[in-house]
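Q: What follows is each chain in one-letter form.
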Amino acid sequence: MEGPKVSYRCNVRQYFNEEMLTYKEATTLSSFDDALEELKLLKENGKYTFVLIPEGEVVDPGDRGYIGRHRSAFLRSSKDLASLVSKISGVMREIFAAEKVIAKAWNTAVGAVHQQADKDSMRALQSQPNGYEITFTLLNPQPSHVRASWNIQEATKRYLSPLLSALHDYTNIKVKSQYLHSTNIGVRPKVDQVGGYALNIDQLPHIINPIEAFLGSHVSNNPNLNFILYIPLRDQSPLFIYNQNGEKVASNAFLSPRWGGFLVHNVRVEENASLPVDVQIDERPVMQVFAAQLRLLLGVSPLHHGLAVEEAPAGNAVITDWELDLWLRSHCLENLASSVATLNSLAQLLEKIGNIVINDDIGREVERAVEQIQISHTALSQGQLRDAYLSSRQAKQFSEKAFFDPSLLELLYFPEDQKFAIYIPLFLPIGIPVVMSVLQSLKYLRKKNKQKME
Amino acid sequence: DFFDSGHTNNWAVLVDTSRFWFNYRHVANVLSMYRSVKRLGIPDSHIIMMLADDMACNPRNPRPASVYNNANQQINVYGDDVEVDYRGYEVTVENFIRVMTGRLPESTPRSKRLLSDDRSNILVYMTGHGGDGFLKFQDAEEISNVEMGDAFEQMWQKRRYHEVLYIIDTCQAESMFQTFYSPNIIGIASSKVGEDSLSHHVDPAIGVYIIDRYTYFALEFLESVTPDSKKTLGQFLRVCPKYQCRSTVAVRTDLFQRDPEKVLLTDFFGSVRNVEITMETLSLGNETTNPQMSNQVCRSVNMSDCF
Numbered sequence: 001m002e003g004p005k006v007s008y009r010c011n012v013r014q015y016f017n018e019e020m021l022t023y024k025e026a027t028t029l030s031s032f033d034d035a036l037e038e039l040k041l042l043k044e045n046g047k048y049t050f051v052l053i054p055e056g057e058v059v060d061p062g063d064r065g066y067i068g069r070h071r072s073a074f075l076r077s078s079k080d081l082a083s084l085v086s087k088i089s090g091v092m093r094e095i096f097a098a099e100k101v102i103a104k105a106w107n108t109a110v111g112a113v114h115q116q117a118d119k120d121s122m123r124a125l126q127s128q129p130n131g132y133e134i135t136f137t138l139l140n141p142q143p144s145h146v147r148a149s150w151n152i153q154e155a156t157k158r159y160l161s162p163l164l165s166a167l168h169d170y171t172n173i174k175v176k177s178q179y180l181h182s183t184n185i186g187v188r189p190k191v192d193q194v195g196g197y198a199l200n201i202d203q204l205p206h207i208i209n210p211i212e213a214f215l216g217s218h219v220s221n222n223p224n225l226n227f228i229l230y231i232p233l234r235d236q237s238p239l240f241i242y243n244q245n246g247e248k249v250a251s252n253a254f255l256s257p258r259w260g261g262f263l264v265h266n267v268r269v270e271e272n273a274s275l276p277v278d279v280q281i282d283e284r285p286v287m288q289v290f291a292a293q294l295r296l297l298l299g300v301s302p303l304h305h306g307l308a309v310e311e312a313p314a315g316n317a318v319i320t321d322w323e324l325d326l327w328l329r330s331h332c333l334e335n336l337a338s339s340v341a342t343l344n345s346l347a348q349l350l351e352k353i354g355n356i357v358i359n360d361d362i363g364r365e366v367e368r369a370v371e372q373i374q375i376s377h378t379a380l381s382q383g384q385l386r387d388a389y390l391s392s393r394q395a396k397q398f399s400e401k402a403f404f405d406p407s408l409l410e411l412l413y414f415p416e417d418q419k420f421a422i423y424i425p426l427f428l429p430i431g432i433p434v435v436m437s438v439l440q441s442l443k444y445l446r447k448k449n450k451q452k453m454e
Numbered sequence: 455d456f457f458d459s460g461h462t463n464n465w466a467v468l469v470d471t472s473r474f475w476f477n478y479r480h481v482a483n484v485l486s487m488y489r490s491v492k493r494l495g496i497p498d499s500h501i502i503m504m505l506a507d508d509m510a511c512n513p514r515n516p517r518p519a520s521v522y523n524n525a526n527q528q529i530n531v532y533g534d535d536v537e538v539d540y541r542g543y544e545v546t547v548e549n550f551i552r553v554m555t556g557r558l559p560e561s562t563p564r565s566k567r568l569l570s571d572d573r574s575n576i577l578v579y580m581t582g583h584g585g586d587g588f589l590k591f592q593d594a595e596e597i598s599n600v601e602m603g604d605a606f607e608q609m610w611q612k613r614r615y616h617e618v619l620y621i622i623d624t625c626q627a628e629s630m631f632q633t634f635y636s637p638n639i640i641g642i643a644s645s646k647v648g649e650d651s652l653s654h655h656v657d658p659a660i661g662v663y664i665i666d667r668y669t670y671f672a673l674e675f676l677e678s679v680t681p682d683s684k685k686t687l688g689q690f691l692r693v694c695p696k697y698q699c700r701s702t703v704a705v706r707t708d709l710f711q712r713d714p715e716k717v718l719l720t721d722f723f724g725s726v727r728n729v730e731i732t733m734e735t736l737s738l739g740n741e742t743t744n745p746q747m748s749n750q751v752c753r754s755v756n757m758s759d760c761f
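Respectively, the protein sequence lines represent chains V and Z.
Take the first sequence: its letters are residues 1 to 454, numbered as in our numbering.
Take the second sequence: its letters are residues 455 to 761, numbered as in our numbering.
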C-alpha cells in the first residue's frame, strides 16, 4: 500500500543579531537551544531550524550533531556540502518528519493489512478524539504493615503538567488517583539468590488480572490507562522483576500495551519497628518510570532510526516540541485514514442493505466529516499541522457518530430476506376478503353483461 | 516473547436467550462459560453477560443463590460474584446486535458496552433454542444467521476485533455460522444441521435438565486449564465427541488465519497480558521547566484536566 506523500520546503539565511547575542552568551548546546526558542516570535508546529556552527566554538554540536528539545537541530558546518546535505535530509526525514512512523500510522488505520504483532502499533492506544483517562493507583496489600501515602496530586502537577498542557489543545486527558488496600497480585514470587524475591518474566502477564476487577469502574467511555505502584507483602520483600536473561530490571517496572504500567516499590522496614510503619513515598523516581511508560502508551514511541545523532532527552518537559509535532502528524493521519475508512464502510453497508434509512442527522454528520477531511487535507498540504490535526479530530468524531448512530439499526426487524414472511401475516387476512370480493364482483359484472347481451 | 499472538486484550460476550424455569440448563450453560473465562482471567469489565432469566433466585430453586452444573452439585457455576449486564427482558436481538456493532444510545454505561479495538480477541458464546438458520430470543423473536453474519462484518469493517471464537450450543447450531463471511472467525457448534443438541441429565431436586451436553464437557475440559496452561484451541475443538454429545460437534476454521493446533486456548478464554519490561526511565528534575506557566494552565482550565 502507498503511504502518504511528504514534501519539504527549505530556505537558508544568515543569523540575526539577537541570535548571535544569545549564541555568545550560551555555554552549552541545550541552553543555546532554549534561548533560541525564547527568541522565536512565531512558534509553529511543523517548522524546523537547522543551525550550522563552525568548528572550534564553545558551543559545539560535535561530529554527530545534536537535536534540541524544541524544533532545532545543531550541526557542525563543514566544507563537504554533500555529507552536510545528506545529514540534514536524514534528520529531517527520519526524525523530525519520521516518514516511516507516519506511514505506519496511516497503514494501520486504513486497516487493509493487518500486520502481525508489531510492538509500536500495539503498544499505544489508538487515536481517541474524545480523550483519555489516567488512573494512578497505590496498591498496598498489607496496610496493617505499611501505611503508605503519596502526594500524587502534587506530583502530577509538578512532573506531568508540561505534558498535559502540551496536549491540552489537542486531546482531553483526565487524571485520577486512588489507594487500593488489601488486594494482592495473582502470583507468588520465588526466592532469588540474593536474599530477595523474584518476579520472573513469565509470571508478569498474570499479575494484572486479579487486581483489574478492583481498579474501579469508569464513568467515561474513553480508554483508561492504569499506573500501579505496588508495595510488596512483608514476607515477599524486597521484590524484584527479572528479565528473560535472569537479570534484575533496574526500573523494577513493566508495562502492558494499551493498559498501563506497573511498578514495584520496595519499602524498607526496620526489624523491631512498631507496626504499621508510616511511609511517605518519594514521587520523583516513581514519576520517572510512569512518565516514560505514559509516553510510550500515548504513542510517543522510540524512532528506531539508524542515524548517529545525539538527541536531547525530553527531561522535565516529558515530551519535546518535535515529538509533539510528530504525535500530531501521525495522529492526524490516523484520524484521517480511519474516518475515511469509517465513511467507506458506512457506504458499503448502505449498498448492501438497500432499504436502510439514513435520517438527516446522519447525513449532516457525514457531510461535516467530509468537509473536515478536506479542510484537514488542505491544511496538511500547507504545513499547518495544528489546524490539520484539529480538523482531523473533528472528522473522526463526526464519522464515528454517523457510523455508530443508534437509528441505523431501526430496520433490524425488517430484513430484506424476510420481507415475505413479514408481509404475509399482515396482508393475508386482509387479502383473502379483498380477493374474494373482487372475484365476486367480477362474476357479478360478467353475469350482468350476459344478461344485457341476452 | 512479547506480542507473538497479535492481541492485547480479551473480551467475552456470553448470551443466554431463553427464559422460564424449564430452561434452567441454558442459564447453567452460560454461567459455566462465565465461570471459566473469569477464572482464567477476563475481568468483569470485559465480559458482557446477557441472561434472560434469573435461575439462582427463582422461587422454584431449592438451593437459592446457586446454580449447579451437575446433580451431584460438583460445581456451583453461580459463584460468589456474578455481574449480569443485560438481564430478563433486556435480552433482545436488538440489544445484542447493538452491543456487537457498538450502536448503543449515548447514555449506555461502560459496563454494557463492548469497547473492543483492533487488537481484541473476542469469545462469543450463545445458547438457547434454535433451528436451521436462527436462534430464538425469549419466545418472542429470533436472530437469523444472515443477521449474525452481517453483525460480524460490521464489526470487522470498524475493526472491532482481532479474532473471534464463536461458540453456539443449540439445536442445528452449525447453521448459525454457515453464513459468516468476515475474516478471523473460528466457529464451534454443538450440532450439525438437522441434528438436535441434547441436554446432559435431569436433576431430580430441581425437576428439570441441569445442563446441556456440549457445555458440560466443555466446562469439564476448561476446569483443567489454568491461566498459564499451554492447552491449544485444537484440543478444545475435539471436546465432546459423538459418543459423549450424541450430536456431532461442527467446526468452521476456513475464515481463521492461524492453525488452531498452535493457538493457545487462553488466547480466547483467558486474558494473558502482553508485557514489556521498562528499560528506560525519564530523568525528571525537581523543578518543572516553567512552573508558573503550568500552574496557570491548571487554573485556567477545568480542574479535572489537571486532576
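Treat the hints as calculated values from the structure; they're not laboratory data.
Source: prediction; values computed, not measured.
A couple of the hints might just be wrong.
What the hints assert, rightly or not - Restraint-style ranges between C-beta atoms, simulated for each label pair:
1. V:351 to Z:739: 39 to 47 angstroms
2. Z:566 to V:193: 27 to 35 angstroms
3. Z:646 to V:176: 47 to 55 angstroms
Claimed, not checked - Lysine-lysine pairs mimicking PhoX-like chemistry, simulated, CA-CA at most 25 angstroms apart:
4. Z:696 to V:119
5. Z:684 to V:119
6. V:176 to Z:716
7. V:419 to V:352
Where is the CB? At the ideal position from N, CA and C, for every residue including glycine.
Q: For every hint, state whether the structure bears it out.
A: To see whether the hints hold, each was checked on the structure:
1. Hint check: residue 351 of chain V to residue 739 of chain Z, Cβ distance near 58 angstroms, so the stated range 39 to 47 angstroms is violated.
2. The supplied range of 27 to 35 angstroms is broken by residue 566 of chain Z and residue 193 of chain V, whose beta-carbon atoms lie about 50 angstroms from each other.
3. At about 51 angstroms, the beta-carbon gap between residue 646 of chain Z and residue 176 of chain V stays in the expected band of 47 to 55 angstroms.
4. Under the criterion of a C-alpha separation no larger than 25 angstroms, the hint pairing residue 696 of chain Z with residue 119 of chain V is inconsistent with the structure, at around 43 angstroms.
5. Taking the CA atoms of residue 684 of chain Z and residue 119 of chain V, the gap is near 23 angstroms; set against the 25 angstroms cutoff, the hint holds.
6. Among the hinted pairs, residue 176 of chain V with residue 716 of chain Z is inconsistent with the structure: their alpha-carbon atoms are about 41 angstroms apart, more than 25 angstroms.
7. Of the supplied pair hints, the one linking residue 419 of chain V and residue 352 of chain V holds, its CA atoms being roughly 15 angstroms apart against a limit of 25 angstroms.
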